[in-house]
Structures are given as C-alpha cells and as structure tokens.
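Work out the full structure, taking the sequences as your base and the hints as a guide.
Listed below, chain by chain, are the residues.
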Amino acid sequence: MPSTYVEAIREGIREEMERDANVFLLGEDIGIYGGAFKVTAGMLEQFGERRVVDTPISESAIVGAAIGASFMGLRPVAEIQFADFISCGFDQIVNYAAKCRYRWNAPAPIVVRAPCGGGIHGGPFHSQQNEAWFTHTPGLKVVLPATARDAKGLIKSAIRDNDPVIFFEHKALYRRVKDELPEGEYTVPIGKANVFREGKHISVITYSAMVHVAAEAAGRMEKEGVSVEIIDLRTLTPLDEETILASVRKTSKAIVLHEANLTGGFGGEIAARITEKAFEDLDGPVLRLAAPDTPVPYCPPLEEAYLPNADKLVEKLRWLARY
Amino acid sequence: MPSTYVEAIREGIREEMERDANVFLLGEDIGIYGGAFKVTAGMLEQFGERRVVDTPISESAIVGAAIGASFMGLRPVAEIQFADFISCGFDQIVNYAAKCRYRWNAPAPIVVRAPCGGGIHGGPFHSQQNEAWFTHTPGLKVVLPATARDAKGLIKSAIRDNDPVIFFEHKALYRRVKDELPEGEYTVPIGKANVFREGKHISVITYSAMVHVAAEAAGRMEKEGVSVEIIDLRTLTPLDEETILASVRKTSKAIVLHEANLTGGFGGEIAARITEKAFEDLDGPVLRLAAPDTPVPYCPPLEEAYLPNADKLVEKLRWLARY
Amino acid sequence: MGQQVTVIAGNTMPAVKLQELNPEQVAESHERADLARRSLYYMALMREVEERIERRLYRQGKVVGGVYVGRGQEAIPVGSGLAARPSDMLFPSHRDLALYFIRGVAPRQVFAQYMGRAGGLTRGRDGNMHMGDLDRKLVAIISAMAASIPVAAGAAMAIKYQGRDDVAWVWFGDGATSRGDWHEGINLATVRKAPLVLICNNNQYAYSTPLSKQMACRNVADRAPGYGMPSVIVDGNDVLAVHDAAVKAAAHARAGLGPYLIECKTFRMTGHSAHDPADYVPKHLFEEWSELCPIRRMEKRILDQGWGSSAEIEEIHARIRRETDEAIEWAQNSPYPDASELLDGVYGS
Amino acid sequence: MGQQVTVIAGNTMPAVKLQELNPEQVAESHERADLARRSLYYMALMREVEERIERRLYRQGKVVGGVYVGRGQEAIPVGSGLAARPSDMLFPSHRDLALYFIRGVAPRQVFAQYMGRAGGLTRGRDGNMHMGDLDRKLVAIISAMAASIPVAAGAAMAIKYQGRDDVAWVWFGDGATSRGDWHEGINLATVRKAPLVLICNNNQYAYSTPLSKQMACRNVADRAPGYGMPSVIVDGNDVLAVHDAAVKAAAHARAGLGPYLIECKTFRMTGHSAHDPADYVPKHLFEEWSELCPIRRMEKRILDQGWGSSAEIEEIHARIRRETDEAIEWAQNSPYPDASELLDGVYGS
Ligand SMILES: Cc1ncc(C[n+]2csc(CCOP(=O)(O)OP(=O)(O)O)c2C)c(N)n1
Ligand SMILES: Cc1ncc(C[n+]2csc(CCOP(=O)(O)OP(=O)(O)O)c2C)c(N)n1
Ligand SMILES: [Mg+2]
Ligand SMILES: [Mg+2]
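Residue numbers (this note's numbering), protein chains in the order written: chain A, 1 to 323; chain B, 1001 to 1323; chain C, 2001 to 2349; chain D, 3001 to 3349.
Hints are computed from structural coordinates only; laboratory data are not their basis. Glycine is no exception: its CB is placed at the ideal position from the N, C-alpha and C atoms. Do not rely on the hints blindly, as some may be mistaken.
[To be verified] Short, incomplete list of chain A residues facing chain D, as computed with Cβ under 7 Å:
hint	residue
1	G48
2	S58
3	A61
4	I67
5	Y96
6	W104
[As the list claims (entries may be wrong)] Cβ-Cβ distance ranges computed for the label pairs, FRET-style:
hint	chain 1	residue 1	chain 2	residue 2	range
7	A	Y323	D	S3340	41 to 49 Å
8	A	R14	C	R2296	40 to 48 Å
9	C	D2338	A	R249	39 to 47 Å
[Said to hold, decoys possible] Here are the simulated DSS-like pairs of lysine-lysine, each with C-alpha atoms no more than 25 Å apart in a straight line:
hint	chain 1	residue 1	chain 2	residue 2
10	B	K1250	A	K277
11	A	K223	A	K316
12	A	K192	A	K277
13	A	K312	B	K1277
14	A	K250	B	K1277
15	B	K1223	B	K1316
16	B	K1038	D	K3283
17	B	K1316	A	K277
18	B	K1277	B	K1250
19	A	K277	B	K1277
20	A	K316	B	K1277
21	A	K277	B	K1312
22	C	K2283	A	K38
Following this line, the structure appears as structure tokens:
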C-alpha cells in the first residue's frame, strides 16, 4: 500500500527512534496532539514522554536545547511548527549550530524539521519557503524532499548525519503525494540530487513541491515535442553540482524553478553556477521561475497568482525551447 | 577637510535629527558611550536622553520597539551593535517590519543600522556580512555604502525613506576611507547604483568594502591594459538592474564580487540576472568572487585567506580578460 | 514599590471557584448600567460573529484559511477595550475580536477578512485575526506569538516621547509568555517606564499544551515582580472585573508609572482552531467553565442589578443577529481582490 | 515551594556593605583549608593570566582581537567551578576564565587562543573566551549574550534523559538577562525540571549600560519566582560564599528538583574590554569595590583562619608567575594555523 509523504516521514522517524535510543523529539504540540500536521502522531504512545517532549512556545530554546542535548550524545529531532517561525530560533541555528564544529570541533548533530510552503491558504505566516536563509550559512545542511520515498530516506539520513540538518517538509505534499516505499531499511543520501525525469532538450532544476509542478509541465511539453529533464535537488547544501552540470551539458538549456520568491532565492546560486561552469555548453540564457517578491498572500486569486505553476513554467519552457 | 566614513554617518544622522524632531536613536551603548564604534558619539550631549535611548541587550525588542514607534509617526534609527547580532532580532525584521505595509498598509519607516564585515580580526561573531538574508525578504531595503560621501547621503535617505531600511556600515571602512563631503545638504538616492570607475573590458559589480578591493585590482589591471569598470551597487534591494545591465552590455564581461561567503550570497542573484537578461551580450561566463563557505576565521592567516582581496580578483580578471 | 501581585478574584488555575467582586466595585450608577449593556452588546456580538465564522462559514468551506475564536473569553477584550481611550494604541491578539468592534470596525469587514475578500481589512492579503487599521489605532498581529509586545513597547515609548498621556495596550495568551519577545519587550518597557498595559488571557492552554508544560510558576502574574511592575489577577470571565482592573492599570500607566500587567484567568471553550476537536482537554473543564460563561453571567447581573430588562437583553441579541446577517450578505458579495494587485504595496516608494 | 529568594550577603546594589558569612559556613576543617588554598590558586592564576593578556600582550599588539577579563570577579567561576563535578557540563561566559583552568586547560592554550595560534583551543579559528573542549565538558560561548542558556538547558535535559545525576552549569552577566534566550532557556529548563544551575555575575554593568537601564527590578534573583525556581543572592567577591551557594544549588539540581539561580553581586574592575577606559563608571565605585578584592580577601581569611602561612601564599603566586612565563613563551612559539586549513571542518561529512 502506498504511503503518503507524512506517513513516510513518520515511519522514518519511528524507525530511527527504534534503532537508536539516543534519538528523541522535541517541539510544540508534538506529543498528545501529534504535531500540527500529525507527523509525530502515535510517537508519544510508542516512546513515552521521555522521548517525545512537548515544549513551551520557544523556538530559540527548542533549537538551543537540541544543540545542548546533541553535545551530550543525543540525537534530537526538533520540530518548528511552521517554517515561518524558524526566524524566532534563527540565531541558534545560524550562529550556534552552524558554527560550533568549525570553531571548536564540537559537532551538533541536530535535525530541525520545518513544515514549509504555500498552497494551503496559510497567508504570509504559514506559507513561507525560507530555505535560502540557511543555504547561505556554512555548516548547515538543507534538505527538502519532494516525494514520500525521499522523505523517508532523507529524514533517516538527517537523523544519522553528524551535522545540523534543516529539514523542510512541504505542507502541501503531506497528504497529496504517495509512494510505494521500498521493503525494509533504506536511506537516501544527503547531498545527492535525483534525476526525477530524464529528458533531452531542457533541464528544469528544482526541489520540494515544485518538482511536481515541473513534472506536470514536462508532461505537457512532451506533447509539444519538447523533452524536459527534471533534476530534483533534494539537498541544497551541500549541493550536488555534478548532477546539475551533467544535465545542463546534455540539454544545453536550463530553467531553475523554486517556490520561494525570486530575489535572493537559491535559484540565483544555481543559475550562477551553471553559467560559470557550463557557459560554453549553454544554448540559451538560464531562466528562473519563482514567486514574485512579495509576502505570500492569503486569498485564492492572489495566492494562485503568486505561486509558480505548470502554466507559468510551460510558458518559460516554450520560450526557451524556441531560443 | 575630508570626513571619514564614520564621521559622515554621524553627520548624516545629526542633520536628520536637527531637521526632524521625530527622528530618534535606540540601541545598546549608543548614549554616554557613543556606540561601540562611536558612530553616535556626541549625540546624547546634543539631543538628550529622550532622543538617544540606551537599551538593554535585546535586539528583538530594539527592532520591535522601533517598529512600534514608527507606527506612531516617529522615525527610529536602531543600532545593532554588530551585524552578527541581527540574527537575534531576525523575526521582527523579516516578519514584522518587512510585511506590515503589504499586509495591512502600515508602513514601518525604521532604519536598522548594523556594523558589518571582516578585516578587523573579529572572528566568527564580529565579522559577518549577512546582507543576503535580508535581500531575500521582500519589503526591506538593503543599503551598504562604500564611501564616506555615500554613507552620509544614504543614511539621510534611509531615515527619510518610508520603508524599513537595513543599513550595513562596514567596520573596516569607518576610519579607513575619507571623502571631501559636498557643502550643505545632500542625499544619495536609495536604489541607484554608482559607476565607481568607468572601464571598457570587464565590469566588476560589487558593494561595500569590496568596492575598494575592486579599485585596487582595477588599478593593477590598467597597467596590464585591461580596463575595468566598477559598479558600486550601494543598494541591493531594490536593485538597480539597469546600471548593471548597461555596464555589462558595454563591457560584455562581468565579475560579481562580495565579501560574504559565496553560496547563497547576493552574487548569485546578480550573476543570474545578468545571464538571463544580457545573455547575448556576454563574451564569457559571469564569474563570482566571494569568501569561501566557512565562518569568518579569527587569526590573521586564516582571515586573510578567507577575505576576497585584490590579488584574488586580479587572478579572476586576468582569466576573464583572456577568455 | 507597587510590585505586589494583587489577586482580585482568587486563583482560578486549573479549575476555579470565582467570587463576585466587592460591593463598591459594582456600585449601581447609571454609568455602570450603561457599561454593562455595552459590554453585553460587544461580548454577544463577538460571540455571534465568531459562531457564524467557525460553525457556519468555515464548515461551508467559505473561510479561506484557519479560524481562531475567543469563545468564552469575550469578557477580556470587551472589559479592557471599553477601558481604553480612542487615542490609545491597541495591539490585539488572536482571540480579541471585540476590540475591533469597539474601535468601529464593522462585522462585515471581519467576515470579508475571513473570506479573503477585498472588503476585509487586509484586502485578502492576510487572513483571520491578522488585521489592523492604523487610523483606528488597531495594530495587526503577525503569527509569531508575543511579537507584538516589543512593538507595543515601542508604541508606548513613542507616546511618552510625544508627551501624551495615552496608553499602548497589548493582549496575549499564556503560551505567548514563553517567547523571548515577551521577555524582551516587557523588560524594555519597564526599564523605560513606558505607558504599556499588558493583558494576558490565561486560558490555560496553548494549542494542545497545558499550563503545566508552559511555565513552572503558578500564575503569569508571578513574573511581574521580576520586571519591577505591578500586576493583578482577575476573573477573566467577569467583564466588569476586567474593566475595573483595566481602568486601574491604565491610570497607572498614564500617570507615568510604567507598565502594568493584568492576568485574566479564563478558559478556551473551543479547540485551538476550528479544525481542532481538543480531545486533549478533560471534558469536565469545559463543563465547569461553561457555567462561567461571561455573557450569561453579565445578563444575569444586568437583571439582578436592575440595569436592564429581559426584553432589552433580547433586543441586543436580535439586533446583533440582524447586523450579522447583513454583514455576511455584504461580505459574500465583496469580490476577491484582483490578481493584478499582487505586486502592489510591497514598498511605499 | 522553594520559590523564596534567599539573601546570603545583603543587597549589594549599587554599592554594598558586605557581611561575612555565618560561622558554621566557615567551619575550620582541613577540607575547608584545602578548598581555600585551591580557590586562591585558581583566582590568582586567572588574575595573572588575564593581567598578562590585557596589560601586556594586548598592549604589545600580540593579541589578535578583543580582550574581556574578569578582574575582580574571579571568585565567581572559582567558587562555583570547584563545586562542580568533573562529569558536570560547564557553559562559561566571557569572564569565567578560571573554569578552564579548573577543568585542566593549560594557561599556554589560553595565551595561544588569544594570539590566534594553532595551540589555542580553537586552533586560531575563534578568539579570546570563545573556547571549549567537549572532552573536558567545557562548552564555548558564541558572542550573542545568553545564547548558552537554552543550550545548557538542553544539556541538562539530556542528563536527565540519560538518568544521570550530573548538572549543567551556565554562567552569564546581568546584561545577558535581558535577552529572549535567557528567558526561553530558563523557562524550558524549569518546566522540564532539568538539572541546571544558573550563575549570574551581576557586575552592575553591561558594556557601558548600568543596571538601572538594563532591568527595572532590584535583583536578578527577583526573576526566579517567575520561573518557579529557588534562588540565592550571594557576595560574589567571597569565593567560599559562592562555593557554598553552588554546592547547595547543585544538590538541589542533582536531587531532581530542577534549576536553581545564584546571583553573585560583584563589580567589573575594568572596562568592558581592553580598549574601553570605562569613563562612564563613577570613580568611587572602583575604589569601593577594590576594597573587596576577592583575592586579597581570601588571603586575609587564609591567614586569619590559619589555613596557610604568608610563605605558602607567596609560593602560590610565585608558582603562578613561573607557570605563566612558561606558558606565554610556549604560546608565542606556537605557529599560526596554516591557511590551507581554512576550509576544513565546516562539515563532518
Ligand atoms: C512563535 C510561534 N510559534 C508557534 C506558533 C503556533 N501557534 C499558534 S497559536 C499557538 C498557541 C498560543 O497559545 P496562547 O499564547 O496561550 O494563546 P491562545 O491561543 O491560547 O489564546 C501556537 C503554538 C506561533 N503562532 N508562533
Ligand atoms: C546579543 C548580543 N548583543 C550585543 C552584544 C555585545 N556585547 C558584548 S558583551 C556586552 C555586555 C554584556 O554585559 P553582561 O551580560 O552584563 O556581561 P559582562 O560583560 O558585564 O560580564 C554586549 C552588549 C553581544 N555580545 N550579544
Ligand atoms: Mg492560551
Ligand atoms: Mg555585567
């Protein structure tokens, strides 16, 4: 039976908690309530209050306490109820967790899980896709799975990883995407992109929910005779540059797609790397498709206009195909 | 007599406080001590405790209180003692100040001043150049003057601006760069880049302290027959794309230079825009020179190896000139 | 030093026996009767509007996003809101809808807000209780709990800067007290002796998290001495008690004595939001607290004190139902904002 | 409830009359004598190392960055550090150098640290007091004041998770108490009843900011009841008083009773950092507090109590001078790290 993205994450966490007694969970309303999105449903019952810790509304303390516990040999998995609130624990992430290994050789193997993204009518404070703050901070690993299969494999890798991992789960995917998960134990490596769909003419480099937008657009372009390759980055830092460049060298055209707003988004980084390292291979400008530079609006017509979607991508793909 | 960068900022603030009784200052140790870098030296004496407010160590409250005061018609100028601590007031900046105009038409005309940058042996927490977190946040204006003249003109514009402005002052410039300031009242507009040096062969697009690194490298390249144009962006958001593109269309080659670490830095944004919008004009890949992806190290050999400098830029300029 | 915690109506945590206020506080003046009737009107209006939103529009799929209501807590925004002056600056939290009505926002704007329409206070850009109007001196929350507190502190500092004797009022829940911003904002305001009145709706839950997992002290008010500020604990389901405490707090702030904390003991008579069945709340708490419904208590008091008749009370409710029907009608006819507006207003210039 | 603030040595703010401890606390045991001499050694070592750094190496341009010393405050890290067990986790702040020595860090590593050499605890990557060593259970601060508190809270939670009876100790200044992290970390630790001992060095200034601009309460300890935790105010210039308070606090934490706050009244006998002449501090405060030098007081007490002779005391100082000379020599010969190391160790894999 296929598992949803939320089930896959839950399964991954559960397996790691069963495997390693040092793994524990902390966050707001993750215990009896099972988390705002029910990712941790059933965990309290299975693992008890010792390993499933409901905290006060204190994002900075949640992250800080995770760091402190990790220094003691534990493997904390912290939940930030919405990625939008991660800015309340920002200093602990970018200054404490990210830098302690480099400064004094003190690893902080924490996972910070944060449900992100729009499309659920959450408005400006329940829809943010704010990974770019963290991709600019050396010392952090930034992971954004797009599929149930990857979500499970990556959360397991994140928990085992010896560095702080910011794990962005897309809220719109929790119950919308499903996979038949592999039998038995598996992990998906951090730092490896996935060729989500092979193609010949244009590479779409993307991640998180936008992988599915790209897939829809690719399907439509196929009918127009344009073969689109989709690279699902899965991890933004460390970035799998090799897979990106290999794809672009093959197709010679690239569009970078992300849900976060354009300016200063991670798309700039990818486009810049492609241009710098595959300049001779390019048969057209590297385009970016992203949300416009506004907060995420609330009402349906504005949010629809805001979010990148297959129509908008098809338009860019057509333009680039003709280039 | 020429004024230093720090004097220029002080002068700018003083003039605005004299001009507008709604302007006031708040921050840590800005009163009797005149601020960690003495930017506000003499302000307490001139304007009194009412308008020069020493606060507790509370970056979030400093920014928050500035927002609240701005709703009441005041023009708060907040000092964050080091840009490195701006992460402690992050949520108030990116979620409160940045979004209130868009959401409910409530302007928050605050200025957040933050001394940034390395080269002063400050180590990981007194050297950060973290503008990229803010350039990704719609609603904020991000300003980084490179010269004394601009510093004065821009701080005045920032104080008059009706949007929240994050004003990054480079610590290494405070006492190192000087300008003969224009007689009398002047401002420098936010959102306009400056062609710092005209050139024909390669455009170096940069800002803040790196403008001076670029100038040094340009001088050296001149002797090798390569004419370098330097664009000092001054404002990152809103970005003066026109000036950048005009320069690149003229020179056909571009290097983006910044002090912040490479990955996810604002350089990616600039490189991506150039590639997308001036692709046909490019005679070579857009290169980036930035610090490597590590925290800012403390000791001189590591910090020197970390910071971009003229040698490193000359190397890239030579490579691109030959391309 | 005024740092004592005054307890007006007993310690109501976790389940309480509430006592009536002392007689002088319920003096039967005309003013008092008027206050009582206005309180009832605003409490009942808030209840009705929220009922429509949560139990009808939301279930009909007409609300765009989440719904947070203040059922059972209406006495808090009403009692305090009626103590504020029009020139005071208000920073409501997410269960304080009545403040908007007291400040003249029309119910139809609220319905439109929840439905994401152009007629809402944020013109469809933000949802539910995230609404403000600077002209009415109503400041919109952001989602992050307690973020309003430093901002309200700054507004209070500005009032002092301007030499006025207004007050900034900020509302928040028990859960919000755990945030760093809560601490930083209050500390700054107390150091600056800024005219700030802090009103905690201690409804004993933050989402699914009970007080015992939120704080290790007994009362939120126990924190006031740590900021050198006076505080009072009040029966949050008694609108006149809240009002009297608010009048006293505001007088303190206006007199230049600095911030004042009011802790209102109450209970959240609903899930955290409309999608939350609140299974984690022991049933008996709902039962006990429903006995303390602030609206029914006010009605009884009005009758007991002779401040009004049953007919007058019925007319208040009837009027509210009419207003509410019309407002929903209007809001449903309010268009969505046009997608072409998407990019407007990120910057002023 | 144990929420009372116990005052051991009077209220020392802003300028204080300190009283000696009561007699039973200074019982003349051999243990006590030994503790006294060890305290003197560590305080004097800290003083000497910091004098060398601040008044020689820094002025000679040999220190790479800024210098923050704990002159006059040595009793705080020493008294508390000697109360900690080796298996306890320590989170020092920036004026707590002695903790490093107590945990076995050599003075030469400290000099090398300040000079940015490979022999420093951070191998030249970070400066001054930003140093730690997980093997010695010493955690490096980051610059942001109070950021250690949530982290220490997490360490304490982990200790409890692991079923051990160790303690996490965290030190901080009066200024740090204004930060949101201070509040969030303490609140979390108290809710979780985690074994955390909080030690405030209340030296009455934060950079140029006096207490009156930092907080509106009289004592940092006044905040403890707001977290349901006990606290004690202690003469921070009396190393044995600090030690006794620390022993008591640790016993409380180890017994599973949760966090405990110790406020040490003291004074910063220096500028904020080596470049700060501290003109903003009224001169008389330096004079008054220099009378209370913890080192001289300890020496006098050792002599008074017959815990040691002048010769023994002189030998302690002589030994420290020798050790320090050698350490500086070693550190100056320690190379800078090689630039080729720049990229190493950002990630573990
Ligand atoms: C910083 C932050 N973290 C998490 C949330 C998610 N959240 C929304 S309301 C809420 C509970 C708030 O509890 P309380 O402050 O007691 O207010 P109440 O809802 O009970 O009125 C939570 C956890 C948030 N809004 N902000
Ligand atoms: C979040 C933050 N803001 C500002 C600073 C700059 N700063 C460094 S030390 C200091 C004063 C600290 O005072 P206190 O906590 O009393 O410690 P003390 O230095 O007196 O021991 C300040 C403002 C900082 N380190 N962190
Ligand atoms: Mg609550
Ligand atoms: Mg201090």
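Hint-by-hint comparison with the structure:
About 11 Å separates the beta-carbon of G48/A from the nearest beta-carbon of chain D, more than 7 Å, and the hint is not met. Using the Cβ-Cβ criterion of 7 Å, the hint placing S58/A at the interface with chain D is satisfied: the shortest such distance is roughly 4 Å. This hint holds: A61/A has a C-beta 4 Å from the nearest C-beta of chain D, less than the 7 Å allowed. The restraint placing I67/A at the interface with chain D holds, with a minimum CB-CB distance near 5 Å, inside the 7 Å limit.
The closest approach between the C-beta of Y96/A and any C-beta of chain D is roughly 5 Å, which is under the 7 Å cut-off, so the hint is satisfied. For the restraint placing W104/A at the interface with chain D, the shortest Cβ-Cβ distance is roughly 5 Å, inside the 7 Å limit, so the hint holds. Between Y323/A and S3340/D, the C-beta spacing of about 43 Å keeps the proposed range 41 to 49 Å intact. Between R14/A and R2296/C the C-beta distance comes to about 47 Å, which sits within the given range of 40 to 48 Å.
Hint check: D2338/C to R249/A, Cβ distance near 43 Å, so the stated range 39 to 47 Å holds. With a C-alpha separation of about 23 Å, the suggested pair K1250/B and K277/A falls inside the 25 Å cut-off, and the hint holds. For the hint linking K223/A to K316/A, the alpha-carbon distance of about 16 Å falls within 25 Å, and the restraint holds. Only pairs whose Cα atoms come within 25 Å are accepted, and K192/A paired with K277/A is accepted, the gap being roughly 19 Å.
A threshold of 25 Å between alpha carbons decides the hint, and for K312/A with K1277/B the separation of about 18 Å falls inside it, so the pair holds. Taking the CA atoms of K250/A and K1277/B, the gap is near 23 Å; set against the 25 Å cutoff, the hint holds. Only pairs whose Cα atoms come within 25 Å are accepted, and K1223/B paired with K1316/B is accepted, the gap being roughly 16 Å. Restraint check for K1038/B and K3283/D: satisfied, since their Cα atoms lie roughly 22 Å apart, inside the 25 Å limit.
Note on K1316/B and K277/A: the hinted pairing holds, with a Cα-Cα distance of about 14 Å set against a maximum of 25 Å. Restraint check for K1277/B and K1250/B: satisfied, since their Cα atoms lie roughly 14 Å apart, inside the 25 Å limit. With a CA separation close to 18 Å, the supplied pair K277/A and K1277/B stays within the 25 Å bound. Only pairs whose Cα atoms come within 25 Å are accepted, and K316/A paired with K1277/B is accepted, the gap being roughly 14 Å.
With a CA separation close to 18 Å, the supplied pair K277/A and K1312/B stays within the 25 Å bound. Distance hint between K2283/C and K38/A is fulfilled; the C-alpha atoms sit about 22 Å from each other, no more than 25 Å.
Of the numbered hints given earlier, the model fails hint 1 alone.
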